[in-house]
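Here is how the chains run, residue by residue.
4 protein chains.
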Amino acid sequence: MLAEVRGLQEECGVFGIWGHEKAAELTYYGLHALQHRGQEGAGIVTSNGQELKLHKGQGLVNDVFKRFDFSKLGGCAAIGHVRYATQGESTIDNVQPLLFRSQTGSMALAHNGNIMNAYELRGELEEAGSILQTSSDTEVLAHLIKRNGRMDSISGLKDALRQLIGAYAFLILQEDRMHIALDPKGLRPLSIGKLGDAYVVASETSAFDIIGAHYEREVLPGELITIFNDGMETTRFASEEKRALCAMEYVYFSRPDSDLNKVNVHASRKRMGMELFKEASVDADVVTGVPDSSISAAIGYAEASGIPYEIGLIKNRYIGRTFIQPSQELREQGVKMKLSPVRRIVEGKRVVMVDDSIVRGTTCKRIVHMLKSAGAKEVHVRIASPAIMNPCYYGIDMSTKKELIAANYSLEEITEMIGADSLAYLSSTGLERAIVSDDSLEQGICMACMTGKYPVLKNGQLEIAYTKC
Amino acid sequence: MLAEVRGLQEECGVFGIWGHEKAAELTYYGLHALQHRGQEGAGIVTSNGQELKLHKGQGLVNDVFKRFDFSKLGGCAAIGHVRYATQGESTIDNVQPLLFRSQTGSMALAHNGNIMNAYELRGELEEAGSILQTSSDTEVLAHLIKRNGRMDSISGLKDALRQLIGAYAFLILQEDRMHIALDPKGLRPLSIGKLGDAYVVASETSAFDIIGAHYEREVLPGELITIFNDGMETTRFASEEKRALCAMEYVYFSRPDSDLNKVNVHASRKRMGMELFKEASVDADVVTGVPDSSISAAIGYAEASGIPYEIGLIKNRYIGRTFIQPSQELREQGVKMKLSPVRRIVEGKRVVMVDDSIVRGTTCKRIVHMLKSAGAKEVHVRIASPAIMNPCYYGIDMSTKKELIAANYSLEEITEMIGADSLAYLSSTGLERAIVSDDSLEQGICMACMTGKYPVLKNGQLEIAYTKC
Amino acid sequence: MLAEVRGLQEECGVFGIWGHEKAAELTYYGLHALQHRGQEGAGIVTSNGQELKLHKGQGLVNDVFKRFDFSKLGGCAAIGHVRYATQGESTIDNVQPLLFRSQTGSMALAHNGNIMNAYELRGELEEAGSILQTSSDTEVLAHLIKRNGRMDSISGLKDALRQLIGAYAFLILQEDRMHIALDPKGLRPLSIGKLGDAYVVASETSAFDIIGAHYEREVLPGELITIFNDGMETTRFASEEKRALCAMEYVYFSRPDSDLNKVNVHASRKRMGMELFKEASVDADVVTGVPDSSISAAIGYAEASGIPYEIGLIKNRYIGRTFIQPSQELREQGVKMKLSPVRRIVEGKRVVMVDDSIVRGTTCKRIVHMLKSAGAKEVHVRIASPAIMNPCYYGIDMSTKKELIAANYSLEEITEMIGADSLAYLSSTGLERAIVSDDSLEQGICMACMTGKYPVLKNGQLEIAYTKC
Amino acid sequence: MLAEVRGLQEECGVFGIWGHEKAAELTYYGLHALQHRGQEGAGIVTSNGQELKLHKGQGLVNDVFKRFDFSKLGGCAAIGHVRYATQGESTIDNVQPLLFRSQTGSMALAHNGNIMNAYELRGELEEAGSILQTSSDTEVLAHLIKRNGRMDSISGLKDALRQLIGAYAFLILQEDRMHIALDPKGLRPLSIGKLGDAYVVASETSAFDIIGAHYEREVLPGELITIFNDGMETTRFASEEKRALCAMEYVYFSRPDSDLNKVNVHASRKRMGMELFKEASVDADVVTGVPDSSISAAIGYAEASGIPYEIGLIKNRYIGRTFIQPSQELREQGVKMKLSPVRRIVEGKRVVMVDDSIVRGTTCKRIVHMLKSAGAKEVHVRIASPAIMNPCYYGIDMSTKKELIAANYSLEEITEMIGADSLAYLSSTGLERAIVSDDSLEQGICMACMTGKYPVLKNGQLEIAYTKC
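Residue numbers (full-length UniProt numbering), protein chains in the order written: chain A, 1 to 469; chain B, 1 to 469; chain C, 1 to 469; chain D, 1 to 469.
A couple of the hints might just be wrong.
[What the hints assert, rightly or not] In silico DMTMM-like cross-links for lysine to aspartate or glutamate, where the CA-CA straight-line distance does not exceed 25 Å: (1) K66/B / E332/A; (2) K315/D / E216/C; (3) K453/D / E233/D; (4) K66/D / E432/C; (5) K53/C / E120/B; (6) K377/C / D285/C; (7) K338/A / E21/B; (8) K338/A / D69/B; (9) K262/D / D285/D; (10) K66/D / E51/D.
What the hints contain is simulated information worked out from the structure, not anything from laboratory work. Nothing here was measured: the structure is a model prediction, and the numbers come from that model.
Produce the complete structure using the sequences and hints provided.
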């Protein structure tokens, strides 16, 4: 399953609110709804119109804001961030929002995404005498804005954004305004809502539901929105293009209760399971899913097939970061870590095991083995997305092709390697059908990691960047 | 849902192992699988044949054993406990196992259940000059054993057990033996397994699966098992009676992957949902369950009815004990705590909402309101157990009848109070059918809190005790 | 210096107050003034007339009561304890006060001292069916009291005290009274004071000064004082005998600002230094003391001799319990731990180095070496107490004679072993002169560890106990 | 005493080492010896020749490096810092060393002192497009260096230093070198030593003693030293001038065992006491000092006068940062905080109370009152430094003249305000005599806060800066 690559990817969550006197608390609750997008650090910056205040720390939102007194932050505007660490160092410095103060004003940034030309931009800035404090992409944008003149210039901000290549969703808070920006292809999710008169913005709509806000619309590809006390302005820093929202957001990253580009994630996953049955039916006794992200697809497969859905695998909820890993010796004796099979459900049964994806294949192999050890007669693996054969340059770094099992072995070889009785992937057209509903027909998705068709960015520069990485 | 009464009940988890050189670690993993049974404290006592060693603390298993070095415990035998605090004080003293040392030997006790005559027994012991250190029922048994002579006398232990009235599952560890005892009606779950040559015992079989152990059999009502290095002895301290295992263990307490008295909990819950559809069908668009304990029943209802199962409600996983509760003002503005509705799923739909039980009705009312606010056209509440109309004297203290909504209002009144379009409970015969499978036909369950028929204990003493409480 | 044996001894501090509405806070401040007597644990029990409340923990007073809300304790009476761990286990269970509850009332105990026949008494209690929870001597007294009948009987309490052999100062708090008891020889310090109308009692008078209380009198040997809301009662549980207050309290244990049996500790130490000069003068350039306990004696030596007192050794104040000890390699390269020499003071000088005592000689040797490495031309060691040649059975366990350097080597041998140019001890008559002032001429001190003359207790039983230990 | 103004001042400690494989550990021990110079934060940066590694945190050295694994830092060179917070925010960002990375190399800075033109320099840098991350003066130097070209240019570094006005001692660590710089007047202490072949540098020589290093020489005013693997280079960035080392370092800041500019601090303080007696003798029974910084002067006064030195005031050692402050009500009832009087020493006596300095007078008044309440017949206050009448612009910000009692009241008025029987200050010539020993006759001290004579810096710019502040 895709959780295998979580260590390699940059997938964060952002939340912002403007015009509510409980801005900091609401951001705290919003970040809870985005907690699955990053568990290494969290932070909130508020503005009271005069100055920005910051509280951030490493760990879960609850850890960082343990017994926190929100009156210390105050303010009627806030942005927040949950961080998933990647190749950047896992230090407090890199936890966002980043806050930059100067004698003429302050600026805080929260960012979800990956700037592909960050290294080059950083080199240019340092050459010109700048000192960058973090190893985060996000700081690069701050310096580009500062170089372009005063922090409060919208045209300077647009010039800075135009220098970035990549997938990104930015929230920028200043004393008297909040900026919202989405990359020209709209690769990252970013939605706008209202809570009474206040504006809210979040990576996923689940953050609106938790605070009782209403969804308004998507931030558009290449759009820069600025919210002031007396309203909001919108402008474009890139020409209008077809959106290419990352398909993996539907398959794995997002919460099932979120709507991405107006499509509900659980519903799309259930349709993936249904499409998967249409494409790869099998005679079996029970359907089971790998918790949590594959449950919806498994239920879809069960509903379409008429084979009963059962809980054949269970996740141990209380295994947190302080969990003491079993030694190799105990693992060999059968001690489980995160997942356990349910013997009475699978014993003597032909099992359809639905998972969201296969990356290296090691986890899948372990689960098939676990089910067989618990007595499953047959295990038929059904993957609710196409085989991942290409690296992603927009944020999910699957390193090199060498690690991707599907890029190196045939279906038959993989089936044997993981010890399954059969194996099938959902086709890319099946995935597209499952995701794209009526509401969003004109809007596209990015399936580059499966199909190899990358969305072209800015005068072909993207291909060059690809070759270099 | 029953979670409403969690604050009032004494429902813990016990785990023991004899004859494995990694006894302490395996107990740690076993306690993880029982973590849902008690999150206020955890502890492990080991024996290395010469002496007992203890580590315990307040909080989750992971908190208590954070970076713990198990070589400090050592030993080839261990018992462990996870605790849910009740009327007893929430102090470290009351966290189990309790360990008692003397110049002639030591004794550790771990206990799941409720001793109804604990107060009387405690008074008698103090009158005779004993000092009791904790406010826990468990210590009473230790003093009774000590009074009956040397700690290593099995007949003395049986005499002590015969003085107890109530529902209990005891593990007692001494330097050279482990005792296992279940109350005469078998109200609490307790199973025995094997891991290679080692014996294991646990409140739920999920603790066997996590360490790769195999289920052997149930501990019988009124049975006292003693395990030595050279084998195990079994004896009875009460005459053989029909078992009366608490039905609520199936409905709510236990993990879906556990088997209780050989019946799988998830499967029984799914059958509850199916029976519920047979008894109370309704025309609707989607079936949804209140996470986590009602999901299986909702899937059963969906499977039986043909109405699609959807995720209409979602639980926020990361809301732990350090979560800052929203103020009344924010709650009124719509900030959610543990559960959020999924607007795109329920909007404009007729929703069947399956829950496991109703106690006071306040949670159910809140969820119905939440679904309607998210746009549900109709909400039909289906409860996968009969109405709770009587207090339980065996451990789940529902205080007085006054708090039980079903004991005070008619079905119509409750329907109106919770704001539902319709409401139906599963019948007690339906619940019995769902739980009791072929394997366990002779074995009974206790549904006293629903039916008012209490299992009679020991010369009618139970009724007297009831009257007093 | 005596700090060498700190690990082996049982030397705690007790504080009590009756009749002040800030009883818990005042006890907290009082315990700060006694912190040097025990740093492993601290606790306070209060009574509000109805019930006792306890807060205790491991570590310093500041650690245990970090951000503590004293309104949780409340009450107008309190007893407190700081603990120095000895052979008993270092667990929270052994931290005092110990609190025992029963259905007829509660009792809390705080104790400084050592019960020599604790093992025998514990065996008798267990034989009779009691379960003891801690490995502390203190619990034995609680069980003896309980055995003798109701907790509120003063004659029962006296009978219980008569069964104890040893050195002890007890505070016992019940809902409606506080008991104060000192052993028949008065080996431990215990003073009574007044703060307005409230009674206070403490191991040292420094605890009175910190809260602004006034000294009233000593608790007498064999005296049992009981304080009620309407006054205090005094009675004796042992016949009147000459006091034998531990001389080491003056030499090392107590704070310089405390008065013990009306004699100021700093003043007595200064007199020790003066006597020491009279007995063992030497031609030298500077006098220096080993901080902290030997500074007063060094100043006395300097004052009597006319040789200037200088700071030739300095203690690193900030080296607490989390200090990372230097490796053997770094120590050999010269990295210091607690003490550093001051090169510019001692270089080329003949140094008189005053210390309070020598136990094993290893610390003394290290300091002499340190001074010589820093350039001292000569180092003359002057010890402000007689050579320790015998074990103490009353609390300071110097284990066996084997460890006591003075019991095994001649003065010349020790001088050579520690590398000093000369070495002299204060005589026992010198020590007696230094301690015993006019006010307390009739009162004796115990110098058994130096002279071998043990105070006789209770029908010669003490000698028997000595032989056994 | 001067501790009164500790909250207002910027007085930190720095330590560096080059060429020792245990560089990080030795820095840890060195920082312990400097802990009194700053307790709000601590940090260490190491270089292994390839890259710099940082560990820092808020609190004491022991807190920050609790159970720290020094192999995580590694390296053969290190700089460390202990910080005392001032007007700058007390956040982790401001804790030093500050570490700046770039694609061409890294640079860490540790700084003790105060840059008077920091605000102006910061404004210029921001105007030119720089983003500064901290509110610390230290970061300004980093940006000035970066602006002047590559980080590894010594002439660029000198240009940057020349832009600073103020009192400063800088350590700068790069992958392959360490820079040491002292301000042109040498206002701050900074010494160089050797430990085997390794170079060490520290604010005070006590840091050499703790690790067994030998003192070599002072860093000279206006000197820039650069240490490489193959030796050290020295150069000047300002013309040679007479040194003006802060006299307050002797009076209050430094440890008694340190030598500053080759003069031992304890010895100089003792001489201050002796000079003070010569200037202001008084008929009395005891001399006592306010612990800790005034003890040496009190001993000097006693030695010169023949009046015995006694411990009339005692400091409570265990009152740390988690100490719960007594309420106003309890303080009024006599609960002490840091200092207690020793009644048996002062009762009925004429007391000479020696203190190091008076700033606002409130602390002095409190101590006089404390001694009188404990029964002192007379209290004669003797201050071991001249009256502080002027603000300091080099680091010790005594805010405005308004707070300085000596700037606003006559000696008689102050005597009455503090309730003393007499009051005398040491004269500035007395102080100079006490500090300046034979070894350092040519070297001067700065007594501007007492005399108003400020050392002139850089073309008269200093006076301008003064006027502005």
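Identify every previously stated hint that the structure contradicts and give their numbers, smallest first. 3, 4 and 9
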